[in-house]
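**Student:** Heads up: the sequence lines are chains P and G, in that order.
What the first sequence shows, in numbering that gives the first Met the number 0, is residues 0 to 74, in sequence order.
What the second sequence shows, in numbering that gives the first Met the number 0, is residues 0 to 157, in sequence order.
Derived from the structure by calculation, the hints contain no laboratory data.
It is possible that some hints are incorrect.
[As the list claims (entries may be wrong)] Just the calculated beta-carbon pair ranges, DEER-fashion:
#, chain 1, residue 1, chain 2, residue 2, range
1, P, M49, G, L85, 34 to 42 Å
2, P, K6, G, T8, 36 to 44 Å
3, G, A69, P, L71, 30 to 38 Å
4, G, K148, P, D38, 45 to 53 Å
5, G, R136, P, K32, 18 to 26 Å
6, G, A80, P, E65, 45 to 53 Å
7, G, N33, P, A47, 16 to 24 Å
8, G, Q116, P, Q72, 28 to 36 Å
9, P, M49, G, D120, 47 to 55 Å
10, P, V50, G, L17, 27 to 35 Å
11, G, G132, P, A57, 43 to 51 Å
12, P, E65, G, M0, 45 to 53 Å
13, G, N118, P, M49, 40 to 48 Å
[Said to hold, decoys possible] In silico contact screen, one side only, chain G against chain P (beta carbon under 10 Å); selected entries:
#, residue
14, I39
15, C41
16, Q67
17, A69
18, G70
19, L79
20, A82
21, Q89
[Claimed, not checked] In silico DSS-like links for lysine-lysine, alpha-carbon gap of 30 Å or less:
#, chain 1, residue 1, chain 2, residue 2
22, P, K23, G, K2
23, P, K23, G, K148
24, P, K40, P, K6
25, P, K23, G, K152
26, P, K66, P, K40
27, P, K23, P, K8
28, P, K21, P, K32
29, G, K152, P, K8
30, P, K21, G, K74
31, P, K8, P, K21
32, G, K12, G, K2
33, G, K12, P, K66
34, G, K152, P, K6
35, P, K32, G, K74
36, G, K12, P, K6
37, G, K74, G, K12
38, G, K152, P, K40
39, P, K21, G, K2
40, G, K148, P, K6
Backbone N, C-alpha and C define an ideal beta-carbon position, used for all residues, glycine too.
These are the residues of each chain, in order.
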Amino acid sequence: MDKVTDKQKREDSLNGVGCSRKRKEDARFIQGKGNYTDDIKMPGMLFADMVRSPYAHARIISINKEKALALLQQQ
Amino acid sequence: MAKQAVSFTLNGKAVDVLVEPRELLIHTLRENLNHTGAHIGCETSHCGVCTVDVDGQSVKSCTLLTVQAAGSDVKSVEGLASADGLHVIQQAFVDEHGLQCGFCTPGMLMRAYRFLQENPDPSDEEIRWGMSGNLCRCTGYQNIIEAVKTAAKNLQQA
């Protein structure tokens, strides 16, 4: 008896418990249609970049966002 | 710098793109040609998720400038299945549970596609070596090797 039949017989006798199941999501993953976050493109999409403080412990005196907003204007 | 016109074949279809000389092939494929099957994992040629086939060789497409691909024949995971259905390698990955999150899978498939042409009847050891440029963060290596083994067997019977 070959491997496949053995496996089939075993799984049949288990009535579903512990049987391997075909995954529904595989079809898109193996064809390059995963649609991960980085794959998504939308009209007018913007990109964010986190600017973190270079200081471990400091008081925020002001947030100077003019330069960042000027980039948006350029778009 | 002035953009350059580059022409190559992608999955059997002629494509023309206008790119900066510094642009990498993976970015052209994903951003310009909307082929998002090949992913970007590290951008330093370590992880292999961007692997495509260029003129009969496995290439990490974050290693190649698009201008270097001019005139070449590029095959990506989108071109693996045909009108007849899934490629034998794709089916083997499904059957052997050779993927979990699926992120590394396009690279794995394209590497396996080339590897099994280089070595149609590999041993386990040879598969491990042959696929060693592709990383899987789910660490599902055992089933990936089973999938490549099954694919090799089925390709030989086909």
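**Student:** Now tell me if each hint is right for this structure.
**Tutor:** Here is how each hint holds up against the structure:
{"no.": "1", "hint": "P/M49 x G/L85: 34 to 42 Å", "in the structure": "holds (40 Å)"}
{"no.": "2", "hint": "P/K6 x G/T8: 36 to 44 Å", "in the structure": "holds (42 Å)"}
{"no.": "3", "hint": "G/A69 x P/L71: 30 to 38 Å", "in the structure": "holds (36 Å)"}
{"no.": "4", "hint": "G/K148 x P/D38: 45 to 53 Å", "in the structure": "violated (30 Å)"}
{"no.": "5", "hint": "G/R136 x P/K32: 18 to 26 Å", "in the structure": "holds (20 Å)"}
{"no.": "6", "hint": "G/A80 x P/E65: 45 to 53 Å", "in the structure": "holds (51 Å)"}
{"no.": "7", "hint": "G/N33 x P/A47: 16 to 24 Å", "in the structure": "holds (22 Å)"}
{"no.": "8", "hint": "G/Q116 x P/Q72: 28 to 36 Å", "in the structure": "violated (52 Å)"}
{"no.": "9", "hint": "P/M49 x G/D120: 47 to 55 Å", "in the structure": "holds (50 Å)"}
{"no.": "10", "hint": "P/V50 x G/L17: 27 to 35 Å", "in the structure": "holds (32 Å)"}
{"no.": "11", "hint": "G/G132 x P/A57: 43 to 51 Å", "in the structure": "holds (44 Å)"}
{"no.": "12", "hint": "P/E65 x G/M0: 45 to 53 Å", "in the structure": "violated (29 Å)"}
{"no.": "13", "hint": "G/N118 x P/M49: 40 to 48 Å", "in the structure": "holds (45 Å)"}
{"no.": "14", "hint": "I39", "in the structure": "holds (7 Å)"}
{"no.": "15", "hint": "C41", "in the structure": "violated (13 Å)"}
{"no.": "16", "hint": "Q67", "in the structure": "violated (22 Å)"}
{"no.": "17", "hint": "A69", "in the structure": "violated (23 Å)"}
{"no.": "18", "hint": "G70", "in the structure": "violated (24 Å)"}
{"no.": "19", "hint": "L79", "in the structure": "holds (7 Å)"}
{"no.": "20", "hint": "A82", "in the structure": "violated (13 Å)"}
{"no.": "21", "hint": "Q89", "in the structure": "holds (4 Å)"}
{"no.": "22", "hint": "P/K23 x G/K2", "in the structure": "violated (43 Å)"}
{"no.": "23", "hint": "P/K23 x G/K148", "in the structure": "holds (23 Å)"}
{"no.": "24", "hint": "P/K40 x P/K6", "in the structure": "violated (44 Å)"}
{"no.": "25", "hint": "P/K23 x G/K152", "in the structure": "holds (25 Å)"}
{"no.": "26", "hint": "P/K66 x P/K40", "in the structure": "holds (26 Å)"}
{"no.": "27", "hint": "P/K23 x P/K8", "in the structure": "holds (23 Å)"}
{"no.": "28", "hint": "P/K21 x P/K32", "in the structure": "holds (18 Å)"}
{"no.": "29", "hint": "G/K152 x P/K8", "in the structure": "holds (23 Å)"}
{"no.": "30", "hint": "P/K21 x G/K74", "in the structure": "holds (27 Å)"}
{"no.": "31", "hint": "P/K8 x P/K21", "in the structure": "holds (17 Å)"}
{"no.": "32", "hint": "G/K12 x G/K2", "in the structure": "holds (22 Å)"}
{"no.": "33", "hint": "G/K12 x P/K66", "in the structure": "violated (43 Å)"}
{"no.": "34", "hint": "G/K152 x P/K6", "in the structure": "holds (19 Å)"}
{"no.": "35", "hint": "P/K32 x G/K74", "in the structure": "holds (15 Å)"}
{"no.": "36", "hint": "G/K12 x P/K6", "in the structure": "violated (43 Å)"}
{"no.": "37", "hint": "G/K74 x G/K12", "in the structure": "holds (10 Å)"}
{"no.": "38", "hint": "G/K152 x P/K40", "in the structure": "violated (39 Å)"}
{"no.": "39", "hint": "P/K21 x G/K2", "in the structure": "violated (47 Å)"}
{"no.": "40", "hint": "G/K148 x P/K6", "in the structure": "holds (18 Å)"}
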